[in-house]
Amino acid sequence: MENKTKSACETCAHFNADGLKKLGVKTDDFDFVVALAGNPNTGKSTVFNALTGLRQHTGNWPGKTVTRAEGGFEYNEQKYKLVDLPGTYSLLSTSEDEEVARDFILFGKPSVTIIVVDASRLERNLNLVLQILEITNNAVLCLNLIDEAERNHIEIDTRILAKDLGIPVVPTSARFQRGIPELIQTVSDLANGKITCKPRRIKNIPKNIEKSVKELSDTIEKQYPNISNSRWIAFRLLEGDTQIIEALKTGKIATNEY
Amino acid sequence: MNTKNIDEIIALSEELRWEIGDDFHDNLAESIYADASKIVEDTVIKDNKKSNFRLDAKIDKIVTSRIWGFPIMLFILGAVLWLTIIGANYPSSMLATILLDNIHPFLKSTGTNLGFPWWLNGFLFDGVYLAVAWVIAVMLPPMAIFFPLFTLLEDFGYLPRVAFNMDNLFKKSGAHGKQALTMSMGFGCNAAGVVATRIIDSPRERLIAIITNNFSLCNGRWPTQILLATIFIGAVVPESYSSLASLLAVIGIAILGIAFMFFFSWALSKTVLKGEVSTFNLELPPYRPPVFWKTIYTSLIDRTMIVLWRAIVFAAPAGAVIWLISNITIGDLSLASWAINYLDGFGFLLGLNGVILLAYVVAIPANEIVIPTILMLTVMVTGIAGGVGNGVMFELDSVTATADILKAGGWTLLTAINVMLFSLLHNPCSTTIYTIYKETNSVKWTVVASILPVIAGFIVTFLVAQIWRIFI
Numbered sequence: 001m002e003n004k005t006k007s008a009c010e011t012c013a014h015f016n017a018d019g020l021k022k023l024g025v026k027t028d029d030f031d032f033v034v035a036l037a038g039n040p041n042t043g044k045s046t047v048f049n050a051l052t053g054l055r056q057h058t059g060n061w062p063g064k065t066v067t068r069a070e071g072g073f074e075y076n077e078q079k080y081k082l083v084d085l086p087g088t089y090s091l092l093s094t095s096e097d098e099e100v101a102r103d104f105i106l107f108g109k110p111s112v113t114i115i116v117v118d119a120s121r122l123e124r125n126l127n128l129v130l131q132i133l134e135i136t137n138n139a140v141l142c143l144n145l146i147d148e149a150e151r152n153h154i155e156i157d158t159r160i161l162a163k164d165l166g167i168p169v170v171p172t173s174a175r176f177q178r179g180i181p182e183l184i185q186t187v188s189d190l191a192n193g194k195i196t197c198k199p200r201r202i203k204n205i206p207k208n209i210e211k212s213v214k215e216l217s218d219t220i221e222k223q224y225p226n227i228s229n230s231r232w233i234a235f236r237l238l239e240g241d242t243q244i245i246e247a248l249k250t251g252k253i254a255t256n257e258y
Numbered sequence: 001m002n003t004k005n006i007d008e009i010i011a012l013s014e015e016l017r018w019e020i021g022d023d024f025h026d027n028l029a030e031s032i033y034a035d036a037s038k039i040v041e042d043t044v045i046k047d048n049k050k051s052n053f054r055l056d057a058k059i060d061k062i063v064t065s066r067i068w069g070f071p072i073m074l075f076i077l078g079a080v081l082w083l084t085i086i087g088a089n090y091p092s093s094m095l096a097t098i099l100l101d102n103i104h105p106f107l108k109s110t111g112t113n114l115g116f117p118w119w120l121n122g123f124l125f126d127g128v129y130l131a132v133a134w135v136i137a138v139m140l141p142p143m144a145i146f147f148p149l150f151t152l153l154e155d156f157g158y159l160p161r162v163a164f165n166m167d168n169l170f171k172k173s174g175a176h177g178k179q180a181l182t183m184s185m186g187f188g189c190n191a192a193g194v195v196a197t198r199i200i201d202s203p204r205e206r207l208i209a210i211i212t213n214n215f216s217l218c219n220g221r222w223p224t225q226i227l228l229a230t231i232f233i234g235a236v237v238p239e240s241y242s243s244l245a246s247l248l249a250v251i252g253i254a255i256l257g258i259a260f261m262f263f264f265s266w267a268l269s270k271t272v273l274k275g276e277v278s279t280f281n282l283e284l285p286p287y288r289p290p291v292f293w294k295t296i297y298t299s300l301i302d303r304t305m306i307v308l309w310r311a312i313v314f315a316a317p318a319g320a321v322i323w324l325i326s327n328i329t330i331g332d333l334s335l336a337s338w339a340i341n342y343l344d345g346f347g348f349l350l351g352l353n354g355v356i357l358l359a360y361v362v363a364i365p366a367n368e369i370v371i372p373t374i375l376m377l378t379v380m381v382t383g384i385a386g387g388v389g390n391g392v393m394f395e396l397d398s399v400t401a402t403a404d405i406l407k408a409g410g411w412t413l414l415t416a417i418n419v420m421l422f423s424l425l426h427n428p429c430s431t432t433i434y435t436i437y438k439e440t441n442s443v444k445w446t447v448v449a450s451i452l453p454v455i456a457g458f459i460v461t462f463l464v465a466q467i468w469r470i471f472i
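Chains as they are written, first to last, in our numbering: chain A, 1 to 258; chain B, 1 to 472.
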């Protein structure tokens, strides 16, 4: 029996970069849905453009992307639909653009979520990251604008960060195409189950609250066995989020309308 | 879906909410922030002393300062417009020579040789082709300069500083500070500006931003302003100052538009759209040196070409309409002449004329084609010998030729000023109207947003005309 060992080159993301085909707006019959989420002005649209070959409007100000843009790419003969979302500071939506982002992350059931953060403003960005990790099991942290962080003498230990968050971390500078091959490779590994995440769940929650959350999320799971974010929905219900209550009533949470 | 079970879930959540008490939200938020700072502590090493943020802060201190903030904004606007005015002249006349002087006669003679009947030849080449050619010659050069410059500023990170500077003015007029961003987008395209209002979370302030976005002079109207200012305003002063004078006139119109936007924001927020001004956080992102050639390339390919394509798509049928109304006659006059005669009286009251008003009706689909339409209709009415007959968009290889036609059509300095004003203050183009409807989902607000600027335009031009005629 032949035991085929891969050469170092074959396992490298840059070797496989040839397998990338930018599909532009052609997104019919795809194998996976990938969402791009993150704070405003972290470069989501630039990452989107780098992956799809499209030219979504980009610019250096928060709030350019107000609608959901879709594009596609093919990697190693699998087709991905990539969804560029408006930036948002949290998942407690207030304006229409933030609602677009939240609804898709919550109800769109992406196979993989790429969370784009500004490497030089990591702490502020983590607020959203931790909230998204409550919702999804398959995510990768795209540590974007890493060139700017380097220029400002900010060093980030990506290995410890990945361990702390329980998801892979890829440093990128999408404007200069840096890190994009590694990002695609990671997305592909996640989509095909080659990497499994253990996303960090919010800790330090008082015991009595944790107990109530557990009770409620168990009940939700009984009603919707396929739901992956019952804990977060329980959080929201306990806060009395009328939009989530509405989504429960209309069945938006259970159906896959995106 | 079993609604009974859902009701149970909601009932359970309400019960539990009572049990855990009020501080749940704070507890949760605190946990998140504690987690975040712990993670950062373990993973990030920062050397604050060497940070470039200090340079950013220094720049911001100047460009957002009380004293320098506004002069710098005006200077940048002026520089962008000046480069556009100066730079667009030469390629414009070159395009006109190629498209109008060379290709047009060639097409016409080809048509004749192929045995086209006169009406088909006229309809295709004097109507549709000339309208398209005109739009390209007039629109392309200024856009190809204006858009990349604007995009460079955008990439650099200047827009949020504009918003920061103007925040106070917006607050005083009862509007949302982020309206400065949607206003800036409107300088490119009002439809885009209207969509951009989604970043404003209060419905009241968002409506104000939508209704007043049309007062941002859009890219379809910049060339009109630039052309008229060059011909008429530049001619009032000695020649060495003429480009400065026309530059100032265009900036003046743009600022007047901003003033109107503030006035109507204020008026709306004091009457039908009363309410509190909401507070918001605005991030001033770091300055980023734009990737120069890439930015130039994408803004040329995407924004310029997309907008130009839209102009062409609207110009072709408009050209057809113009040719038809000038060639279909009722009694002894063409449809266009009837309309012009009918509108002339009202036009005179506004310091305009029937031709201009008819042109604005024909050009509802796209502001870009106003000037070509006016020229063509003027040629027809005055019967200047262009040699080719009714409904022909005239062959113009230079600004002087345009000026001659307009002057033959009875234009004075007053007419030019009032057309500049009316170009600023009239209904949004059909794309923008449709976008407003889609965003507001309300016929009422769409009508308000469409009618309000026209009424403002009628009032302003009327007053200017009367005062002008009394004193000058």
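If you are wondering where the hints come from, they were derived from the structure by calculation, not from laboratory data.
Think of the CB as a built atom: it goes at the ideal place given N, C-alpha and C, for glycine as much as any other residue.
Don't take every hint at face value.
[What the hints assert, rightly or not] In silico DSS-like pairs for lysine-lysine, Cα to Cα no more than 30 Å straight-line:
| no. | chain 1 | residue 1 | chain 2 | residue 2 |
| --- | --- | --- | --- | --- |
| 1 | A | 207 | A | 222 |
| 2 | A | 194 | B | 38 |
| 3 | A | 22 | B | 294 |
| 4 | B | 38 | A | 211 |
[Stated by the list, open to error] Have a look at the derived ranges for each label pair, beta carbon to beta carbon:
| no. | chain 1 | residue 1 | chain 2 | residue 2 | range |
| --- | --- | --- | --- | --- | --- |
| 5 | A | 225 | B | 10 | 14 to 24 Å |
| 6 | A | 108 | B | 10 | 22 to 32 Å |
| 7 | B | 26 | A | 225 | 26 to 36 Å |
| 8 | A | 56 | B | 443 | 46 to 56 Å |
| 9 | B | 87 | A | 151 | 44 to 54 Å |
| 10 | B | 237 | A | 56 | 43 to 53 Å |
| 11 | A | 53 | B | 320 | 45 to 55 Å |
Structure-based check of each hint:
1. Simply put, residue 207 (chain A) and residue 222 (chain A) have alpha-carbon atoms about 23 Å apart, close enough for the 30 Å limit, and the pair holds.
2. This hinted pair checks out: residue 194 (chain A) and residue 38 (chain B) have alpha carbons roughly 29 Å apart, not beyond 30 Å.
3. A threshold of 30 Å between alpha carbons decides the hint, and for residue 22 (chain A) with residue 294 (chain B) the separation of about 18 Å falls inside it, so the pair holds.
4. Our distance criterion of 30 Å between C-alpha atoms is met by residue 38 (chain B) and residue 211 (chain A), whose separation comes to about 24 Å.
5. Checked against the given bound of 14 to 24 Å, the beta carbons of residue 225 (chain A) and residue 10 (chain B), roughly 19 Å apart, stay inside it.
6. Between residue 108 (chain A) and residue 10 (chain B) the CB atoms are about 23 Å apart, so this pair conforms to the stated range of 22 to 32 Å.
7. Distance hint check for residue 26 (chain B) and residue 225 (chain A): the Cβ-Cβ separation is about 33 Å, which falls inside the suggested range of 26 to 36 Å.
8. Judged by the Cβ atoms, the range 46 to 56 Å given for residue 56 (chain A) and residue 443 (chain B) is violated: they are separated by roughly 32 Å.
9. For the pair residue 87 (chain B) and residue 151 (chain A), the beta carbons lie near 33 Å from each other, so the given range of 44 to 54 Å is not met.
10. At about 45 Å, the CB distance of residue 237 (chain B) to residue 56 (chain A) agrees with the hint of 43 to 53 Å.
11. Between residue 53 (chain A) and residue 320 (chain B), the C-beta spacing of about 37 Å breaks the proposed range 45 to 55 Å.
Comparing the model with each earlier hint shows violations of hints 8, 9, 11; every other hint is respected.
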